[in-house]
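Take the given structure of chain F and dock chain E to it, following the hints.
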Amino acid sequence: MTIKNPYYRIVDPLRETLDSNKIKEGESLPSEKNLMEQTGLGRSTVRKGLQVLIHEGLIYPIQGKGYYVNPRKNSEFRLFFNETGAIETSAEKIDIINVDIVKPSEQLSKDLQLTPNRKVVIIKRLIKSGETRIALDYKYIPFSAKSPIVEKELYNVTFPQMFTKEKALFDIKRKIKIYVSKTDEEMVKTLRTKIGCPVVCIEQILLDEDQSPIGMGVTKFLGEHFKVKAVSD
Amino acid sequence: MSILLYKKIENDIKEKIRNNLYKPGDKLPSEIDLMVYYQASKMTVRRSISNLEREGILYSIERVGNYVATNESDEYRLTFDGLEDIKGVDEIKLHRVERLDTEEEDAMRHKTSSGYSILVRRYLLSEGKVVAYNKKYFFNLEVQASRNEEDHQFYKKLNRQLSSRALKTELIFEAIHCPMDLQLILKIDGQEPLARVTLLYYDRDDHLIARSQTYALKEYVELNGYSV
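In order, the protein sequences belong to chains F and E.
Heads up, this note's numbering is the position in the first sequence plus 8, with the first residue counted as 1.
Heads up, this note's numbering is the position in the second sequence plus 90, with the first residue counted as 1.
Just chain F, with the same shape it has in the complex:
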């Protein structure tokens, strides 16, 4: 057994506290005086211990105030995704299956914050990579008689580009949600696969400059042809 530096008597329990999330990101650690009392260590040892944690990026000091918990390392990832270029290597093709105006489901109505009786345009597209059918893509846009959807404008555009007639691209913000589901009957039919197969769903909600939803989309990829990759900052 190696003899440990005395400051580990403060580093170890503090690390444990941080590991178990007892003190959360942005919250402050007990004061130096408090830590001295708790551990029976001198001020310089306590400070040395805190320096170790600062060096490891777990906490940061604020002059005259104390020590605060950093956000966890590696928790933020950068993801590049757009449904027209989801798979980098092979040439992708997007076919429109159909465009329809329907009464939205309750859930959809809620997601898009629609007024009652407002109808929704559904655009259904098929994404192919070479001859392989890899995904079904659904877009839901509140129907507006003023700006009808022109089918031929929908072929190889991404979701935000569908709105560029009314909105500047930089005003459109997007939220994304990624989860797993399984193939349903519609996917079996159009993607020529079996029922119950693994699916990666990517849900996008487009928001305007006032944070109100202007459209929603779900792209359902067959798990065997697609994975999401992201890298930490």
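Incorrect hints may have been included.
Only pairs whose alpha carbons sit at most 30 Å apart, straight line, appear in this in silico BS3-like list of lysine-lysine [claimed, not checked]:
1. F/LYS136 x F/LYS235
2. F/LYS175 x E/LYS308
3. F/LYS202 x E/LYS183
4. F/LYS185 x E/LYS277
5. F/LYS190 x F/LYS136
6. E/LYS225 x F/LYS175
7. E/LYS258 x F/LYS56
8. F/LYS235 x E/LYS277
9. F/LYS30 x E/LYS183
10. F/LYS237 x F/LYS101
11. E/LYS258 x E/LYS225
12. F/LYS101 x F/LYS235
13. F/LYS56 x F/LYS132
14. E/LYS117 x E/LYS225
15. E/LYS246 x F/LYS30
I should point out that these hints are in silico values taken from the structure, not numbers from a laboratory.
Note that the structure is a prediction, hence the values are computed from the model and not measured.
Showing chain E alone in chain F's frame:
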């Protein structure tokens, strides 16, 4: 309150894009024309343009000019905090810690100085039910278990070294059929899709030092993000 001139120019260009005066793909007037139009110095005009470029609103081609971007940025920020993002997990149980010999494929590929890699297996539970299973491989770490050391102490030591050495992490999210060895643990059959979240940890020399794979029931994991 007066707005600085370069900000005014930025706002005005944005407004012109909003009003479709400049359309995606259009070339902006030359810097000299913009200087005259806004009564601004070259420095100021350049500052506005480079700010808009950084926001992804314009792009420039050297010696040719500045253009209105045609593509939205397709970059998102995802947050995923390792195991804690498996929904509703209230307990993590160590299953076992194994030392893998060099025959193992990964150990061959990521040769460790100590000659072996370590595999830690854990159950993730929600209200007593196993909802996910985690396999974490450690490569190239100089950690020795001291005699009689409990597995969970050893695991903590490994993890500590990992977090101090990991510089870059890659995340892979997949939908897969449940592998054989997990069907019993997760109490589902092989037809049922699972989410698999893989985290690959690299050190400053870009060597893989750990790989964590979490197999979760599909209801228990989702990634969330927003555009930047």
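Outcome of the hint check:
no. : hint                : in the structure
1   : F/LYS136 x F/LYS235 : holds (15 Å)
2   : F/LYS175 x E/LYS308 : violated (36 Å)
3   : F/LYS202 x E/LYS183 : violated (36 Å)
4   : F/LYS185 x E/LYS277 : holds (27 Å)
5   : F/LYS190 x F/LYS136 : holds (19 Å)
6   : E/LYS225 x F/LYS175 : violated (46 Å)
7   : E/LYS258 x F/LYS56  : holds (27 Å)
8   : F/LYS235 x E/LYS277 : holds (25 Å)
9   : F/LYS30 x E/LYS183  : holds (19 Å)
10  : F/LYS237 x F/LYS101 : holds (21 Å)
11  : E/LYS258 x E/LYS225 : holds (19 Å)
12  : F/LYS101 x F/LYS235 : holds (18 Å)
13  : F/LYS56 x F/LYS132  : violated (61 Å)
14  : E/LYS117 x E/LYS225 : violated (53 Å)
15  : E/LYS246 x F/LYS30  : holds (17 Å)
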